[in-house]
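Could you slot chain P with the ligands onto chain H? The hints should help.
Chains H and P supply the protein sequences, listed in that same order.
So for the first sequence, numbering that gives the first Met the number 0 puts the first residue at 0; every next one is plus one.
So for the second sequence, numbering that gives the first Met the number 0 puts the first residue at 0; every next one is plus one.
Hints were generated in silico from the structure; no laboratory data involved.
One should not assume that every hint holds.
[Said to hold, decoys possible] Taking lysine-lysine pairs in the DSS-like style, the calculated list, with each CA pair at most 25 Å apart, reads:
no. : chain 1 : residue 1 : chain 2 : residue 2
1   : P       : Lys410    : P       : Lys296
2   : P       : Lys294    : H       : Lys51
3   : P       : Lys510    : P       : Lys542
4   : P       : Lys360    : P       : Lys346
5   : P       : Lys296    : H       : Lys51
6   : P       : Lys121    : P       : Lys154
7   : P       : Lys278    : H       : Lys51
8   : H       : Lys403    : H       : Lys429
9   : P       : Lys296    : H       : Lys1
10  : P       : Lys410    : H       : Lys51
11  : H       : Lys403    : H       : Lys430
12  : H       : Lys141    : H       : Lys403
13  : H       : Lys224    : H       : Lys95
14  : P       : Lys412    : P       : Lys296
15  : P       : Lys294    : P       : Lys405
16  : P       : Lys296    : P       : Lys542
17  : H       : Lys51     : P       : Lys407
18  : P       : Lys132    : P       : Lys192
19  : P       : Lys542    : P       : Lys407
20  : P       : Lys437    : P       : Lys422
21  : H       : Lys1      : P       : Lys294
22  : H       : Lys1      : P       : Lys278
23  : P       : Lys132    : P       : Lys121
24  : P       : Lys542    : P       : Lys410
25  : H       : Lys51     : P       : Lys405
26  : H       : Lys72     : P       : Lys405
[Claimed, not checked] Ranges of calculated distance between the beta carbons of each label pair, as one might list FRET restraints:
no. : chain 1 : residue 1 : chain 2 : residue 2 : range
27  : H       : Tyr138    : P       : Lys510    : 55 to 61 Å
28  : H       : Tyr138    : P       : Leu89     : 36 to 42 Å
29  : H       : Lys1      : P       : Asn496    : 43 to 49 Å
30  : H       : Asp69     : P       : Phe528    : 32 to 38 Å
31  : P       : Asn523    : H       : Pro204    : 29 to 35 Å
32  : H       : Lys141    : P       : Glu277    : 40 to 46 Å
33  : H       : Tyr138    : P       : Glu529    : 44 to 50 Å
34  : P       : Phe528    : H       : Arg176    : 21 to 27 Å
35  : P       : Glu529    : H       : Arg320    : 39 to 45 Å
36  : P       : Asn523    : H       : Lys141    : 41 to 47 Å
37  : P       : Glu529    : H       : Thr315    : 34 to 40 Å
Quick caveat: nothing in here was measured; it's all calculated off a predicted structure.
Glycine is no exception: its CB is placed at the ideal position from the N, C-alpha and C atoms.
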Amino acid sequence: MKAKSTLGIVFFPAFDWAIHPLHPEREERLLYTLDQLNEEGVFDIEGIMQYKPDIASHDDIMRTHFCFPDVAKVTTESHLISAGGTIKAATLVMDKIVNKSFALVRPPGHHAMKVVHGARGFCNINIEAVMVEYIREHYNVKKIAIVDTDCHHGDGTQDIYWHDRDVMYISMHQDGRTLYPGTGAIHELGGPNALGTTINIPLPPNTSDEGFLMAMERVVVPILKDFKPDLIINSAGQDNHYSDPITNMNFSALGYAKLTEMLNADIAVLEGGYSIQGALPYVNLGITLAMAGLDYLYVHEPDYSQKDLTQDKEITKYIKRVCDQVMKRYEECKKPSFKLMPGNYDVRKKEIYYDTDNIREMQLESIMVCEECRGVLKIETTSTVNPLSLGIEIPLDACDRCQKEGYRLLDNALSGDRYKYVQLIDRRNKKYVLY
Amino acid sequence: MYLGLDVGGTHTDAVIIHRSGIVAHTKVATTHHNLLECINQAFKNVLTGIDPSLIKRVNLSTTLTTNAIIENKCEEVGVLVSGGPGINPLHYSIGSQYYTIGGQIDHRGTEITLLNLKQLEKAIKKCRKKGIKVFAVISKFSTRNPVHEQYIQQKLDDADFISVGHTLSGNLNFPRRIATAYYNAAVWRLYNKFSHAIEESLRELGAIAPVNILKADGGTIPLHVSRTVPVESILSGPAASVIGTMALCNITEDAVMLDIGGTSCDIALFADGAPLIEKDGIRLNTHNTLVRSLKTKSIGIGGDSAIKVEGGTVTAGPQRLGMSMAEGGHNPTIIDALNVIGTINFKDTERSREGMYALEKKSGISSQDIAQQAITYALDIIYNEVMAMIDEVNARPVYTIHEFLKGKVLKPKTIYLIGGPAKTLAHHITQRFGWNVKVPQYAEVANAIGAAVARTTVDIELFADTQRGRLLVPNLNVNIRIPQHYDVDNAIEDATNYMMQYLESIGVDEKEREIEILQVYSFNMVEGFETTGKNIRVHCQVKPGILHQCRDILKI
Ligand SMILES: [Zn+2]
Ligand SMILES: [Zn+2]
Ligand SMILES: [Zn+2]
Numbered sequence: 000m001k002a003k004s005t006l007g008i009v010f011f012p013a014f015d016w017a018i019h020p021l022h023p024e025r026e027e028r029l030l031y032t033l034d035q036l037n038e039e040g041v042f043d044i045e046g047i048m049q050y051k052p053d054i055a056s057h058d059d060i061m062r063t064h065f066c067f068p069d070v071a072k073v074t075t076e077s078h079l080i081s082a083g084g085t086i087k088a089a090t091l092v093m094d095k096i097v098n099k100s101f102a103l104v105r106p107p108g109h110h111a112m113k114v115v116h117g118a119r120g121f122c123n124i125n126i127e128a129v130m131v132e133y134i135r136e137h138y139n140v141k142k143i144a145i146v147d148t149d150c151h152h153g154d155g156t157q158d159i160y161w162h163d164r165d166v167m168y169i170s171m172h173q174d175g176r177t178l179y180p181g182t183g184a185i186h187e188l189g190g191p192n193a194l195g196t197t198i199n200i201p202l203p204p205n206t207s208d209e210g211f212l213m214a215m216e217r218v219v220v221p222i223l224k225d226f227k228p229d230l231i232i233n234s235a236g237q238d239n240h241y242s243d244p245i246t247n248m249n250f251s252a253l254g255y256a257k258l259t260e261m262l263n264a265d266i267a268v269l270e271g272g273y274s275i276q277g278a279l280p281y282v283n284l285g286i287t288l289a290m291a292g293l294d295y296l297y298v299h300e301p302d303y304s305q306k307d308l309t310q311d312k313e314i315t316k317y318i319k320r321v322c323d324q325v326m327k328r329y330e331e332c333k334k335p336s337f338k339l340m341p342g343n344y345d346v347r348k349k350e351i352y353y354d355t356d357n358i359r360e361m362q363l364e365s366i367m368v369c370e371e372c373r374g375v376l377k378i379e380t381t382s383t384v385n386p387l388s389l390g391i392e393i394p395l396d397a398c399d400r401c402q403k404e405g406y407r408l409l410d411n412a413l414s415g416d417r418y419k420y421v422q423l424i425d426r427r428n429k430k431y432v433l434y
Numbered sequence: 000m001y002l003g004l005d006v007g008g009t010h011t012d013a014v015i016i017h018r019s020g021i022v023a024h025t026k027v028a029t030t031h032h033n034l035l036e037c038i039n040q041a042f043k044n045v046l047t048g049i050d051p052s053l054i055k056r057v058n059l060s061t062t063l064t065t066n067a068i069i070e071n072k073c074e075e076v077g078v079l080v081s082g083g084p085g086i087n088p089l090h091y092s093i094g095s096q097y098y099t100i101g102g103q104i105d106h107r108g109t110e111i112t113l114l115n116l117k118q119l120e121k122a123i124k125k126c127r128k129k130g131i132k133v134f135a136v137i138s139k140f141s142t143r144n145p146v147h148e149q150y151i152q153q154k155l156d157d158a159d160f161i162s163v164g165h166t167l168s169g170n171l172n173f174p175r176r177i178a179t180a181y182y183n184a185a186v187w188r189l190y191n192k193f194s195h196a197i198e199e200s201l202r203e204l205g206a207i208a209p210v211n212i213l214k215a216d217g218g219t220i221p222l223h224v225s226r227t228v229p230v231e232s233i234l235s236g237p238a239a240s241v242i243g244t245m246a247l248c249n250i251t252e253d254a255v256m257l258d259i260g261g262t263s264c265d266i267a268l269f270a271d272g273a274p275l276i277e278k279d280g281i282r283l284n285t286h287n288t289l290v291r292s293l294k295t296k297s298i299g300i301g302g303d304s305a306i307k308v309e310g311g312t313v314t315a316g317p318q319r320l321g322m323s324m325a326e327g328g329h330n331p332t333i334i335d336a337l338n339v340i341g342t343i344n345f346k347d348t349e350r351s352r353e354g355m356y357a358l359e360k361k362s363g364i365s366s367q368d369i370a371q372q373a374i375t376y377a378l379d380i381i382y383n384e385v386m387a388m389i390d391e392v393n394a395r396p397v398y399t400i401h402e403f404l405k406g407k408v409l410k411p412k413t414i415y416l417i418g419g420p421a422k423t424l425a426h427h428i429t430q431r432f433g434w435n436v437k438v439p440q441y442a443e444v445a446n447a448i449g450a451a452v453a454r455t456t457v458d459i460e461l462f463a464d465t466q467r468g469r470l471l472v473p474n475l476n477v478n479i480r481i482p483q484h485y486d487v488d489n490a491i492e493d494a495t496n497y498m499m500q501y502l503e504s505i506g507v508d509e510k511e512r513e514i515e516i517l518q519v520y521s522f523n524m525v526e527g528f529e530t531t532g533k534n535i536r537v538h539c540q541v542k543p544g545i546l547h548q549c550r551d552i553l554k555i
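Bound conformation, chain H alone (with noise of 0.2 Å):
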């Protein structure tokens, strides 16, 4: 057998890391999908090769997140390797060793925000975008698509790309009424200087097969084709599955496959997924022969039963609406409409629970509306285990206006005495400090 599309795997099972031993996201998470690639023969497929993780430096966190105190006190060395993993992935597309990457690390990032406080939804730092900070400060790639299928919806991701407009962030996820963390609604679109490059597809609980491959194909590739990106990422969670505890979907590890096809992403990141003995190993296993091009019909769970997986009529019309919105609200997001004037602070204020750490956290986050770039972001935040810091982050394509506002933010934080800890990301300079 070989691959039709070589397909590097970054496998990082972490057996001997943990939340806690009775949490879902725990060292017996991968085993059997590792078990089940072994026996499959997975890794003497020609064209498949295995990797090893790369470790991420504090600087390839801090080039994606403010971390309060610092990086060292709200990570582990597993979410180091976890992150490297993610880059290892990375290079191993750009650098043109391999078609396609799939990144099978644990823990997982999803929920972590440009914040970090602590861990959030068993995220501490976000994998993925720390992978596509590495990308851009690394390769010359300017638009990039995260498209994640995992069942939660991804707000972490979200609320780092909220307001760049060179990332298109696409998410379905069990609809947020139903499931934690509760956001993902049609409405959330971006932030003012990138509208429309945020889109959520809240999916009503037992979406089956069916469902998942519909809003594949009336929303995430025609927007995909819209957009136009240099890169796909999927945030491949695999909670979606039907036997999965935490979640109430009716996705198959063939659907899975499916999607993974369709999608024809050029990274695959592991998220969540806690059916780890019925689900894991069967959609990895689909996945991967999916991204390697290679013939995936035989793969299913030992208990599938088509036909008690059959999708209600009702929610597959009620499916439909919901594409048919979404791809509404993204069509007016391109028509000029009210627009803040340039040069102006657009304000949120964001309350954030981190519910694995026990932590809560005031934010008040402030960009600058600019024409000519992604404009320059400011984040005060306060936390129960944190006194009132800021943030500050000069983007990569910054126009000179916002670079020289960021200076003006630091040289006033840095000279009163209202912030314990000032972090700074200047993306023009490659500069990443904490004061």
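Just chain P with the ligands, lined up with the frame of chain H:
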């Protein structure tokens, strides 16, 4: 006294090792049409003047099974495969009688679907009709639950031999298990005839010592044990060289071994003096197997590699078009190139010059330049392959944070050079690598020495699942009940005991039973938010190396 014999591609070497060192060695041409002939000749030569009854042990490394497989001189095998969902098992079809049977066992060893008896009956009937007498029986995840393989095995009561997947290796890898079981059955009859003949010959010569067969992992198994696992004898040649190098040189550091022969160059790696083992198993004839082996790589560059000049570029190998011109061949080789530039003075140097001059006339490049470029080309290939192999080892995946952070990086700076042209090439190799190059005494028969001094190796994988209450050691056919409170310490103890018992049963000397635990994992299995049991894996081995007694003899 220990007798070692290694059948190579070109030569068959034999040595006798005694307290006083190497007391006899011989080299005869390999007779490919009838291996017994050259083996008997080598036995006779090396035993000249020695009382054969003093030989305590005969170790043999042979290409018999390898050649049979490569040359497709195998017996037809009925391959019966129970796959279940996943990758379609038809992709792994091997031989002309390959049958897939419905049924499924999952990764925990739970039987999800029963064997499809109708399909099984039909397949067996077809095989019988074709007169098939040897079978390979393989099911997916049989190392977690062998019930399907055992059931099919029972149904084949009139077969001459049945090769059963889980008894060959405890490792997971269904396609490799299929190929391994197939080859094992395919060479079974041939191998057994051969081993019988070897025993006869030795008896005729008056040697009554036990005979062992060298395996690709550098260890031996008693001949009588190898009769049911003949596949274990494939590709043991490079392993003989590795063990021989260990015996001749006291290797303690990261190092590279190069065994340069007439046709090929074998590369092996050492980490802190220990030879590296291939994680999964050896590859033969485009099929990966579960046959454990040392990590070696064979490349088509040797002293007799033919030199070619095409469009102004000079290359050498990978084919061998006979001997060097100096030895009476018809194509200039690397040996001839060495003659031309004056590194060596081997046999008829004038003919080497003539051959190179013929190439000069055709290409317009001077003889000296062609010779120089051919050597450079060969050295570059060796260098690049060695570097690629080291990189590959250093990039090897790890699965725990501990392994990741403590990960050893291989940084060899020493080369142990053995084989026929070793001495003459040492200077060039030193220059190309810039490393320390060592050529031991007896470098030209290092492989036979390796065969003589290799000790018995075994590796087992113990798998315990306390929720299901089962413990398996697949390749020792252990499948027993365990209590709920069974833990990782019990598992390590059991693995060691099973190994000990096995070593004893096959007659391994007490002193040689050095068991090493390679890997221990224990996972809590959780359902809901409750621990339901433990999933424990222990991998242990008797590591490849040199017999205790021989260490004293060789003073290492
Ligand atoms: Zn999602
Ligand atoms: Zn999730
Ligand atoms: Zn700007």
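Cross-check of the supplied hints:
1. P:Lys410 - P:Lys296: 18 Å, holds
2. P:Lys294 - H:Lys51: 19 Å, holds
3. P:Lys510 - P:Lys542: 13 Å, holds
4. P:Lys360 - P:Lys346: 24 Å, holds
5. P:Lys296 - H:Lys51: 22 Å, holds
6. P:Lys121 - P:Lys154: Holds, at about 12 Å.
7. P:Lys278 - H:Lys51: 15 Å, holds
8. H:Lys403 - H:Lys429: Since the Cα atoms of Lys403 (chain H) and Lys429 (chain H) sit roughly 15 Å apart, the hinted pair holds (cutoff 25 Å).
9. P:Lys296 - H:Lys1: 22 Å, holds
10. P:Lys410 - H:Lys51: Satisfied, since the Cα-Cα distance of roughly 18 Å is no more than 25 Å.
11. H:Lys403 - H:Lys430: 15 Å, holds
12. H:Lys141 - H:Lys403: This hinted pair holds, its Cα atoms lying about 23 Å apart.
13. H:Lys224 - H:Lys95: Holds - the C-alpha atoms of Lys95 (chain H) and Lys224 (chain H) are around 23 Å apart, at most 25 Å.
14. P:Lys412 - P:Lys296: Distance ~19 Å between Lys412 (chain P) and Lys296 (chain P) Cα, so the pair holds.
15. P:Lys294 - P:Lys405: With Cα atoms ~22 Å apart, Lys294 (chain P) and Lys405 (chain P) stay inside 25 Å; holds.
16. P:Lys296 - P:Lys542: 20 Å, holds
17. H:Lys51 - P:Lys407: Answer holds: Lys51 (chain H) to Lys407 (chain P) is near 13 Å, not above 25 Å.
18. P:Lys132 - P:Lys192: 16 Å, holds
19. P:Lys542 - P:Lys407: Cα-Cα ~19 Å, so holds.
20. P:Lys437 - P:Lys422: Distance of about 9 Å is within 25 Å: holds.
21. H:Lys1 - P:Lys294: 24 Å, holds
22. H:Lys1 - P:Lys278: 21 Å, holds
23. P:Lys132 - P:Lys121: 16 Å, holds
24. P:Lys542 - P:Lys410: 22 Å, holds
25. H:Lys51 - P:Lys405: 13 Å, holds
26. H:Lys72 - P:Lys405: Distance ~22 Å between Lys72 (chain H) and Lys405 (chain P) Cα, so the pair holds.
27. H:Tyr138 - P:Lys510: 55 to 61 Å: With a Cβ separation near 59 Å, Tyr138 (chain H) and Lys510 (chain P) satisfy 55 to 61 Å, so the hint holds.
28. H:Tyr138 - P:Leu89: 36 to 42 Å: 41 Å, holds
29. H:Lys1 - P:Asn496: 43 to 49 Å: The hint (43 to 49 Å, Cβ to Cβ) holds, given that Lys1 (chain H) and Asn496 (chain P) are roughly 44 Å apart.
30. H:Asp69 - P:Phe528: 32 to 38 Å: Check passed, 33 Å falls within 32 to 38 Å.
31. P:Asn523 - H:Pro204: 29 to 35 Å: At roughly 30 Å between Cβ atoms, Pro204 (chain H) and Asn523 (chain P) fall inside 29 to 35 Å, so the hint holds.
32. H:Lys141 - P:Glu277: 40 to 46 Å: 44 Å, holds
33. H:Tyr138 - P:Glu529: 44 to 50 Å: 47 Å, holds
34. P:Phe528 - H:Arg176: 21 to 27 Å: 25 Å, holds
35. P:Glu529 - H:Arg320: 39 to 45 Å: 41 Å, holds
36. P:Asn523 - H:Lys141: 41 to 47 Å: 46 Å, holds
37. P:Glu529 - H:Thr315: 34 to 40 Å: 37 Å, holds
Of the hints listed earlier, there is not a single one the structure fails to meet.
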